[in-house]
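Visitor: The primary structure of each chain is shown beneath.
Protein chains: 6
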Amino acid sequence: MPKSKAKAVKETRVVVKLSGSLFFARDFAEIVGTLRRIVESRKYLRLVLVAGGGKTSREYIEAASKFGADQASLDEIGIHISRANAMVLICALGEVAHSRVPSNLQEVMQALEIPRNRIVVVGGFHPGQSTNAVAALIAEKTRASRFINATDTDAVYTEDPNEHKNAKPLTSVTIKELSEILGRESMRAGGYDLMDPVALKLIERSRTPTLITKCTPKILEDSILFGKSPGTVVSFVY
Amino acid sequence: MPKSKAKAVKETRVVVKLSGSLFFARDFAEIVGTLRRIVESRKYLRLVLVAGGGKTSREYIEAASKFGADQASLDEIGIHISRANAMVLICALGEVAHSRVPSNLQEVMQALEIPRNRIVVVGGFHPGQSTNAVAALIAEKTRASRFINATDTDAVYTEDPNEHKNAKPLTSVTIKELSEILGRESMRAGGYDLMDPVALKLIERSRTPTLITKCTPKILEDSILFGKSPGTVVSFVY
Amino acid sequence: MPKSKAKAVKETRVVVKLSGSLFFARDFAEIVGTLRRIVESRKYLRLVLVAGGGKTSREYIEAASKFGADQASLDEIGIHISRANAMVLICALGEVAHSRVPSNLQEVMQALEIPRNRIVVVGGFHPGQSTNAVAALIAEKTRASRFINATDTDAVYTEDPNEHKNAKPLTSVTIKELSEILGRESMRAGGYDLMDPVALKLIERSRTPTLITKCTPKILEDSILFGKSPGTVVSFVY
Amino acid sequence: MPKSKAKAVKETRVVVKLSGSLFFARDFAEIVGTLRRIVESRKYLRLVLVAGGGKTSREYIEAASKFGADQASLDEIGIHISRANAMVLICALGEVAHSRVPSNLQEVMQALEIPRNRIVVVGGFHPGQSTNAVAALIAEKTRASRFINATDTDAVYTEDPNEHKNAKPLTSVTIKELSEILGRESMRAGGYDLMDPVALKLIERSRTPTLITKCTPKILEDSILFGKSPGTVVSFVY
Amino acid sequence: MPKSKAKAVKETRVVVKLSGSLFFARDFAEIVGTLRRIVESRKYLRLVLVAGGGKTSREYIEAASKFGADQASLDEIGIHISRANAMVLICALGEVAHSRVPSNLQEVMQALEIPRNRIVVVGGFHPGQSTNAVAALIAEKTRASRFINATDTDAVYTEDPNEHKNAKPLTSVTIKELSEILGRESMRAGGYDLMDPVALKLIERSRTPTLITKCTPKILEDSILFGKSPGTVVSFVY
Amino acid sequence: MPKSKAKAVKETRVVVKLSGSLFFARDFAEIVGTLRRIVESRKYLRLVLVAGGGKTSREYIEAASKFGADQASLDEIGIHISRANAMVLICALGEVAHSRVPSNLQEVMQALEIPRNRIVVVGGFHPGQSTNAVAALIAEKTRASRFINATDTDAVYTEDPNEHKNAKPLTSVTIKELSEILGRESMRAGGYDLMDPVALKLIERSRTPTLITKCTPKILEDSILFGKSPGTVVSFVY
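Residue numbers (this note's numbering), protein chains in the order written: chain Y, 38 to 275; chain G, 38 to 275; chain C, 38 to 275; chain R, 38 to 275; chain S, 38 to 275; chain X, 38 to 275.
Hints are not guaranteed to be accurate.
Identical chains blur together in the list; that is why a pair holds if it fits in one copy or across any two.
Here are the simulated DSSO-like pairs of lysine-lysine, each with C-alpha atoms no more than 27 Å apart in a straight line [claimed, not checked]:
1. Lys103 x Lys92
2. Lys80 x Lys47
3. Lys103 x Lys251
4. Lys103 x Lys202
5. Lys80 x Lys92
6. Lys213 x Lys255
7. Lys213 x Lys47
8. Lys251 x Lys265
Please keep in mind that the hints were generated in silico from the structure rather than gathered at the bench.
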C-alpha cells in the first residue's frame with residue numbers, strides 16, 4: 038500500500054549544540070555552507086541548532102560578577118548573548134532557517150510543526166539551565182536521533198588535557214564516568230561547556246544517543262548525517 | 038541617622054518546597070493556619086512556597102507513561118498538577134497570598150516587587166526542572182535566607198529507610214554526600230522528591246542554606262522563623 | 038476544472054468534549070485507538086478535543102471550597118486540572134496529536150492552521166467559562182460540522198434519571214427545553230457537566246449542530262464520522 | 038491594638054460597567070470629573086471600570102456581518118473597540134487611572150495589587166464573553182461590594198419600554214425574573230447591553246450585589262459610594 | 038533539473054497599506070472581491086495588508102486629546118482602532134485571510150510561515166510607529182517586492198493640493214524630496230497619512246520599491262500584480 | 038491643607054540613554070556608584086536608563102551583514118545585545134534597580150508603577166526603533182522632566198569633528214538644525230548613535246527637554262539632578 042509506505046519516510050531530527058565562539062571563527066562561513074547544503078539535500082532531516090554563549094558571554098558575565106550579582110541574573114546575561122549568537126546564525130543561514138529565535142520548548146515545537154525542513158536555531162531558555170541542557174531537552178522532546186555537542190575540544194579526555202600531559206581521549210564513555218570526569222566542574226554561569234550535570238541527567242533519562250566532538254565542517258556533516266565522529270560517544274551500558 | 042536605620046530593616050526571604058501530597062493531608066488546615074499566622078506577625082518576612090505534584094501527579098504521569106510518552110511531556114503533566122496544587126494553597130491562604138500562580142522566575146520577581154508581604158505560591162516552571170529545582174532557583178535569585186524542603190520523610194538517611202533497617206538519619210550532609218545518596222535516584226518525571234541533582238547543583242552554586250525536614254506545623258514554624266529543624270542541614274564544607 | 042474540484046474537498050471540523058473522568062476509565066486505551074484510527078483514515082477531517090476536569094477537578098475544587106474561595110479562583114483550579122487531562126490525552130494519542138495544549142481561542146486557531154490533520158487537544162480557557170463553553174466557542178469559530186458532548190450519561194432525560202424513576206431519554210430537544218431542564222443546575226465550578234447556560238447560548242447564536250451522547254468507542258466513531266448517535270440532538274426549531 | 042485596627046480599614050472594591058456610547062456623550066467630561074473626585078477623596082475605595090463597545094462597536098460589527106463572519110470573530114471586533122474606549126477613558130482620567138488596559142482577569146488582579154488606589158479600566162476580554170460578563174467576573178474575583186451596570190436606560194422594565202407603552206420600571210428584580218425579561222434577547226456580538234445570560238449566571242453564582250441604572254454624574258456618585266440608585270436592584274431571594 | 042526549477046518558483050511578497058477609511062467606503066466590497074480574486078489566482082503571491090486607523094481613529098484621538106493625553110497613549114488608541122479595522126477586513130476576506138491580527142513583527146513572520154498563501158492582515162504594532170512604518174518594516178523583513186501605500190489621494194503633489202491650486206502630481210520622487218514635502222507634517226497620532234519620516238527612513242535603509250497611489254479596485258490589482266500605478270514612485274537615485 | 042501639599046510632592050522622571058560602550062569603560066564602577074547615590078538620596082526621583090548596543094552590537098551586526106541579512110534582523114541582534122548590556126547594568130546597580138529588563142513600553146510602565154523608586158533599565162524594544170527612539174518614547178509616555186543622551190562625544194558639533202577641523206560644539210540646537218546635521222546619517226542597525234530621525238520626531242511631538250552630552254560621573258549627576266550640562270540643549274523655538 039502506498040499509504041503505509043509514505044508513512045515510512047518519517048522526519049529524522051538531529052540536535053546540534055554549537056559553541057558560541059564559532060560565530061567569530063575563521064571557518065564560520067564554511068560551516069554555514071555545510072549546514073545549508075545538508076538541509077537542502079535531505080528533505081526529511083530536521084536540524085535544531087543550539088547556540089552557546091561563547092567568549093562574549095564569558096566576558097559579560099565576568100563584568101557583572103565583579104558587582105556581586107547572583108548566578109541566576111548572570112544566567113540571564115548569558116541567555117541574551119546566546120540569543121544574539123542564534124540570530125547571527127539565522128542571518129547567516131538565510132532562507133534555510135526559521136526566521137525567529139524560539140525562547141522556550143513550546144516555541145521550538147511550534148517552529149518544528151511548520152512543514153518545511155527549515156533549521157530551527159535557539160539560544161538559552163531559562164536561568165538555571167545551560168545551553169547544553171536546552172539541547173538535551175529539545176532532543177528528548179523531539180525524540181531526536183542524536184544530540185551532537187560540537188565543541189572546541191576534539192573529545193572527552195580522561196583528565197583535563199590542558200593540565201595533564203598524559204590525558205587520553207575517550208572513544209566511548211558512560212554517563213557515570215562522564216559525571217565523575219566533570220565532577221570538579223562548577224555550574225557557574227558561562228563556565229566550561231563540554232557538558233554539565235543537568236544536561237547529563239536529561240540525556241540519561243531519555244537515553245538520547247549523544248556525541249561530543251570537535252566542530253569542523255567535515256565532522257559536522259558526518260555526525261549529522263551518519264552519526265559518525267572521531268570524538269566521544271556517550272554510552273548507556275552500565 | 039534614621040535613614041540608614043530604616044534601610045537596616047530589610048526584607049528576609051524564605052523559600053519552602055511543600056510536598057504535593059500535603060494538600061489532601063489531615064493537617065493541611067493547621068499548616069495553612071500556621072503559615073497565615075507567620076506572615077501576619079512578621080512584616081519583613083517574605084515567603085515563597087513551591088507546591089510539588091504529589092500523589093495526583095504521580096498517578097497522572099503513570100497513566101500517560103503507559104502510552105510511551107517522552108519525559109518532557111510527562112514533566113508538563115506534572116507542572117499542570119503542581120499549579121493546581123499551588124492554586125488550592127492560594128485559595129486556602131486567602132488574603133495573605135498573592136492571587137495568581139507565577140509561571141516563571143520573572144513572574145515570581147514581579148510578584149515579590151509588590152510591597153506587601155503576601156506569600157507567593159508557585160508550582161513547576163518548565164520541563165526538565167523539578168519543583169525542587171524551581172525552589173532552589175527562586176532561593177538563588179531572591180538571595181533567600183534559606184530553602185526549606187518540607188517533605189514526607191523526617192530527614193535524609195544514610196540509606197533508604199524503607200529498605201534498610203539500619204539506615205540512620207543525618208543531621209548534616211555535604212552536597213557531595215547527598216549526591217551520592219541520591220545517586221541511584223532516577224530523574225524521571227514525578228519521581229522521589231527528596232532532592233534531585235539539578236536542585237543540588239543550584240544550591241551548590243549559590244550556597245543557599247538548605248534544610249530537608251518533615252512537614253508539620255511546628256517544624257514549619259521553627260524552620261521558617263529560626264532556621265531550626267530536627268531534619269538534615271546541607272553543608273558546604275568540603 | 039481540476040482547480041475548483043480541489044477546492045471542493047474542504048476540511049471538515051468536529052469538536053468533541055470529553056469527560057475528564059474518561060482518562061482513568063477502563064476503555065480509555067480503546068477510545069484512544071478509535072480516535073487515532075479515525076484521523077489516520079480521514080485526511081480531510083480535523084478533530085478538536087476538549088478535556089473536562091472530571092473527578093480530580095471536583096475533588097480539588099471541593100478541597101479549596103472549604104476555605105471559602107471565590108468561584109473564579111475555583112475555576113482556575115479546574116482549568117489547571119483539565120489541562121493536565123488534555124496533556125495525558127496528547128501523550129496517549131502520540132504522533133496524531135498536536136504536541137501542546139492551547140490556552141486560548143487564538144492558540145487553537147494557530148494550531149489548526151498547521152496543514153497536517155493532527156488532533157488539537159485543549160482543556161479550559163478562562164475563569165467564568167466551562168469546558169463545554171470552550172467546546173461551543175471553538176465549534177463556532179471553526180464553523181465546525183458538529184459539537185459532540187460525549188458524557189457519562191447516554192442522553193438528556195426529561196428529569197434527572199438518578200432521582201426520578203420515570204425520567205425518559207429524549208432523542209431531540211430544543212435549546213429552550215434544554216435550558217429549562219438545566220434550570221435548577223448551578224454554574225458552580227466543577228459542577229454537573231451535561232451542558233451549561235453559557236455553552237447553550239453560544240450554540241444558539243452560532244446554530245452549531247450539537248449531540249449529547251454517551252462516550253463509548255463505537256458511539257464516538259459514529260457520531261464523529263456520520264453525526265449519528267443514540268443520544269440527544271439539540272434542535273433549533275422554535 | 039492598633040494593628041488589628043489598621044487591618045479593619047480594608048479596601049472596598051466597586052465594579053462599574055459603562056456604556057461605550059458614554060465616551061462621546063455630552064456629559065462625558067462631567068462624569069470623568071466625578072470619578073476623579075470620588076477616588077481622590079476615598080483612599081480605601083478601589084474602582085474598576087469596564088468600557089462597553091457602544092455605537093462604534095455596533096457599526097463595525099454590522100459592517101463585518103454583511104460578509105457572513107462568525108460570531109466569535111465579531112466578538113473580537115467588539116473587544117478591540119471596547120479597548121479603544123477604555124484607553125480614551127484612561128486618557129481622560131489622567132493620573133488617577135492605571136495607564137494600561139488589562140486584557141484578561143490576571144492582568145486586572147496584577148493592576149489591583151499595586152498599592153495606590155488608581156482606577157483600573159478594561160474593555161472586553163475574550164470572544165464569547167460580553168463586557169457585562171467581564172464586569173461580573175471581575176466583581177466575583179475581587180469580591181466587590183457591588184457591580185453597577187450604568188446604562189442608557191434608567192431601570193429594568195417589565196417589558197421593552199420602547200415597544201410597550203405600559204412597561205413599568207422595576208425597583209427590584211430576581212435573577213430568574215431578569216432572565217425571563219431578557220429571554221428573547223439574543224447574545225449576538227454588539228447586541229442590547231442591559232445584561233446577558235452569561236453575566237447573570239456569574240452574578241448568581243457569586244451573589245454579587247448588582248444595580249442596573251442610568252449613567253449620570255449624580256447617580257454614579259451615589260451608587261458607587263452608597264449603593265443607592267433610582268434604578269433596579271438584582272435580588273437573590275427565590 | 039526539476040529540483041532547481043522548483044526552487045525558482047519562489048513566493049513573491051507584496052505589502053499594501055490601506056487607509057482605515059476604506060472599510061466604510063462604498064467600494065469596500067468590490068476591493069475585497071479584487072483582493073480575493075488576486076490571491077486565489079496567484080498561488081505564489083503572498084499579500085500582507087496593513088489597516089490604518091482612518092476617520093474613527095482620528096475622532097477617538099481627538100476626543101482623548103481634549104483631556105491633555107500624551108502622544109504615546111493616543112498612539113495606543115489608534116492601534117486598537119486599526120486592529121478593529123484589520124479584523125473587519127479579515128471577516129470580509131473570509132477563507133483567504135489568516136484568521137487573527139498579528140500584533141508584532143514576530144507574529145507576522147509566524148503567520149507567513151504557514152504554507153498556504155493566505156492574506157495576513159495587521160493594524161498598528163507599537164506606540165511611536167505609524168501604520169505606514171509598520172508596513173515599511175514588514176516589507177523590509179519579508180524582502181517584499183513592493184510596498185504600496187493605497188491612500189485617499191491619487192499621488193504625491195508638489196504642494197498640498199487642497200491648499201495650492203497649482204500643486205502638481207509627481208510620477209516619481211526621491212526620499213529626500215518626499216521628506217521635504219512632508220517636512221511641515223507633524224507626527225501626531227492620527228495625523229495625515231500619506232507617509233511619515235519613520236516610514237521613509239525604513240524604506241530608505243531597505244530600498245524597498247514603493248508606490249503611493251489611490252485605492253481603487255483597478256489600481257490595487259495593477260499595482261499588486263505588476264507594480265504599475267498612476268500614482269507616485271519613490272526613487273532611490275540621489 | 039496637608040492633602041494638596043502631599044500631592045505637590047510628585048515623582049520626577051528622568052530618562053537617560055547610556056552608550057553601550059560604557060559597560061566596559063574604565064569609569065563604569067564610578068558611574069554606577071553615582072547613579073546609586075542619586076536615587077538613594079532623592080526619594081521622588083525616578084530614573085529610567087536605556088542601554089545602547091555599543092561596540093559588541095556593532096561587531097555582531099557586522100558579522101551578520103556579510104551574509105546579506107535584512108536590516109530588521111540586524112536590529113534584532115542589536116536588541117539582544119542591548120538587553121545583555123541592560124542586564125549587566127542591573128547586576129551592577131544591585132538593590133537600587135528593578136530586577137528585570139522590560140521588553141516594551143507596557144512593561145516599563147508596569148515596572149514604574151511599583152511604588153519604590155528603583156531604577157528601571159531597558160535595552161531595545163522592537164526592530165525599526167533605535168535605543169534613542171526607545172528613550173524618547175519612554176520620556177514621552179512618562180512625561181519625563183528630561184531626556185539625557187549621554188554619549189561618547191561632548192556635544193553636537195556644526196560638522197563631524199572627526200573629519201572637520203573647524204567643527205564647533207553647539208550649546209543649543211533646534212530640532213530642524215539637528216535633523217540637517219544628522220542628514221547624511223544612515224539609519225542602519227548599529228549605526229552612529231548621537232541621535233536619529235525617529236527619536237527626533239518623538240522628541241519634537243512631545244517637546245521633551247533634551248540634552249546631548251558626554252557621559253562622565255560628574256556630568257551625569259548635574260544633568261540628572263539639575264538639567265545642567267556642558268553639552269547641547271535641543272530647543273523647540275522655531
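Visitor: Confirm or reject each hint.
Guide: These are the hints, each one checked on the structure:
1. Lys103 x Lys92: Close inside one copy (17 Å) and across copies (21 Å); limit 27 Å.
2. Lys80 x Lys47: both (10 Å within a copy, 17 Å between copies)
3. Lys103 x Lys251: Close across copies (25 Å), not inside one copy (32 Å); limit 27 Å.
4. Lys103 x Lys202: This pair counts as neither: shortest intra-copy Cα distance 33 Å, inter-copy 41 Å.
5. Lys80 x Lys92: neither (34 Å within a copy, 40 Å between copies)
6. Lys213 x Lys255: neither (30 Å within a copy, 40 Å between copies)
7. Lys213 x Lys47: Classified as neither; 33 Å inside a copy, 44 Å across copies.
8. Lys251 x Lys265: The answer is within: 12 Å in one copy meets 27 Å, while 50 Å across copies does not.
Of the hints listed earlier, those the structure fails to meet are numbers 4, 5, 6 and 7, in rising order.
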